[in-house]
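Starting from the structure of chain Y, add chain W where the hints point.
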Amino acid sequence: MAYRVVHYINQFFAGIGGEDKADHELEVREGVVGPGLALANALKGEAEIVATIICGDNFAAMHSEQVCAAVENACKQYQADLLLAGPAFNAGRYGTACGMVSSFVQKNVGIPAVTAMYKENPGVDIYKKDLYIVETGDSARGMGTAVPAMAKLALALLKGEQPSKEHGYIERGVRVNTFYDTCGAERAVTMLLKKIKGEPFTTEYPMPVFDRVEPRPAVKDMKSATIALVTSGGIVPKGNPDHIAASSAQNYGEYSLSGINDLTADKHQTAHGGYDQTYANQDADRVLPVDVLRDLEKEGVIGKLHEMWYATVGNGTSVANARRFGQEIGQKLKDAQVQAVILTST
Amino acid sequence: MATIVPISLSVGANRIIPTVSIPHPLGNPTLDPAAEKQLRRHLVEKALNALQTDVTEQTVFSGE
Numbered sequence: 093m094a095y096r097v098v099h100y101i102n103q104f105f106a107g108i109g110g111e112d113k114a115d116h117e118l119e120v121r122e123g124v125v126g127p128g129l130a131l132a133n134a135l136k137g138e139a140e141i142v143a144t145i146i147c148g149d150n151f152a153a154m155h156s157e158q159v160c161a162a163v164e165n166a167c168k169q170y171q172a173d174l175l176l177a178g179p180a181f182n183a184g185r186y187g188t189a190c191g192m193v194s195s196f197v198q199k200n201v202g203i204p205a206v207t208a209m210y211k212e213n214p215g216v217d218i219y220k221k222d223l224y225i226v227e228t229g230d231s232a233r234g235m236g237t238a239v240p241a242m243a244k245l246a247l248a249l250l251k252g253e254q255p256s257k258e259h260g261y262i263e264r265g266v267r268v269n270t271f272y273d274t275c276g277a278e279r280a281v282t283m284l285l286k287k288i289k290g291e292p293f294t295t296e297y298p299m300p301v302f303d304r305v306e307p308r309p310a311v312k313d314m315k316s317a318t319i320a321l322v323t324s325g326g327i328v329p330k331g332n333p334d335h336i337a338a339s340s341a342q343n344y345g346e347y348s349l350s351g352i353n354d355l356t357a358d359k360h361q362t363a364h365g366g367y368d369q370t371y372a373n374q375d376a377d378r379v380l381p382v383d384v385l386r387d388l389e390k391e392g393v394i395g396k397l398h399e400m401w402y403a404t405v406g407n408g409t410s411v412a413n414a415r416r417f418g419q420e421i422g423q424k425l426k427d428a429q430v431q432a433v434i435l436t437s438t
Numbered sequence: 200m201a202t203i204v205p206i207s208l209s210v211g212a213n214r215i216i217p218t219v220s221i222p223h224p225l226g227n228p229t230l231d232p233a234a235e236k237q238l239r240r241h242l243v244e245k246a247l248n249a250l251q252t253d254v255t256e257q258t259v260f261s262g263e
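Chains Y and W, in that order, give the protein sequences. The first sequence lines up with residues 93 to 438 when you count with the numbering used here. The second sequence lines up with residues 200 to 263 when you count with the numbering used here.
Be aware that a few hints might be false.
[Said to hold, decoys possible] Below, simulated DMTMM-like cross-link-like pairs (lysine to aspartate or glutamate); rule was C-alpha separation at most 25 Å, straight line:
| no. | chain 1 | residue 1 | chain 2 | residue 2 |
| --- | --- | --- | --- | --- |
| 1 | W | Lys236 | Y | Asp368 |
| 2 | Y | Lys359 | W | Asp231 |
| 3 | W | Lys245 | Y | Glu278 |
| 4 | W | Lys236 | Y | Glu389 |
| 5 | Y | Lys220 | Y | Glu420 |
| 6 | Y | Lys424 | Y | Glu399 |
Calculated from the structure, these hints are not laboratory results. All values derive from a computational prediction rather than experimental measurement.
For reference, chain Y alone in the conformation it holds in the complex:
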């Protein structure tokens, strides 16, 4: 018996209309619609698209709970074994909707989902950890390669196979245990020899890719500028009131500098578990230079030291958490009209 698949698409690929129909309310139709026809062919009779969910991109963005619930119901009603969503190419709202319903269905219906997007679709960053997202071109011209790739990955998941690199999904950052014939030392030396010879080699542990940010212009008038202090060195009030973890921090703290001219051992400490805490606990100014900035404030070198400081522990902290802390702290400092930040790191 063929596996049963439900397919999610937007108003455009359903042939209903473009931007003017982006408010199209979610509807469920039996059988295939739009790109579902090609997908059904690529599934080669091993799986059947039993129903298609069509939803306008704006409707999905504005009624996310309702849409997720409707997709869940449709998957249950049609006894789906898997959800396909998209391909969304570089359509941002569509990609985000595909990611949202796929992730929801995996969690709440307990069936796998496959979606497909261009690597820069904003849906990729949000959902790649939870989902198999097949990498596509940036427009519907990539349909011809997206469809067979989605079908192949869907069939692998339906049969309980472990997808591999050949399935062309966007790297999820998930490490899987595997066995090799040779030990790590031997593989490392082989890799090194290839590197020395200038031959191509593939790392077993790719490094995360970090954002690059355009440098901000110089501060023009330091004498009237408000300067903030932020640290990943874990400087917190004594007792670590926000329980910032010594490693793999899940949060950051926001603390008042009001009335503080100098950080002292009786009132301040570090929460960081990745370096010898002795020196920071004796005098936390060694990590967060409050004493010096107060002097410079008094002398009029800077306008003002911002009244709050922000601290987390940069010790095995995930890039995702660090990015979130950075965005939140950045927004708060912007709202407080801070001109510049000194970020200290241990």
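For chain W alone, kept in the frame of chain Y given last:
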């Protein structure tokens, strides 16, 4: 302001001031308190100077 400059470069910091050491980037416990504070002030002044300097790419302010 950090001691391991290659990390600051890899994470994309644009204005980088190399500091003293990992457990005390802005201090040196072997100095007497006044000299230590002077060292810290010197480093913070370098940071303020960096903030007042236009840069077009990642820049390490390693000079005095």
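Verification of the hints:
1. W:Lys236 <-> Y:Asp368: holds, 20 Å
2. Y:Lys359 <-> W:Asp231: Roughly 22 Å between the alpha carbons, so the hint for lysine 359 of chain Y and aspartate 231 of chain W holds.
3. W:Lys245 <-> Y:Glu278: Distance of about 46 Å is beyond 25 Å: violated.
4. W:Lys236 <-> Y:Glu389: holds, 15 Å
5. Y:Lys220 <-> Y:Glu420: holds, 22 Å
6. Y:Lys424 <-> Y:Glu399: With a Cα-Cα distance of about 12 Å, the restraint between lysine 424 of chain Y and glutamate 399 of chain Y holds, given a limit of 25 Å.
In summary, the one numbered hint that this structure violates is 3.
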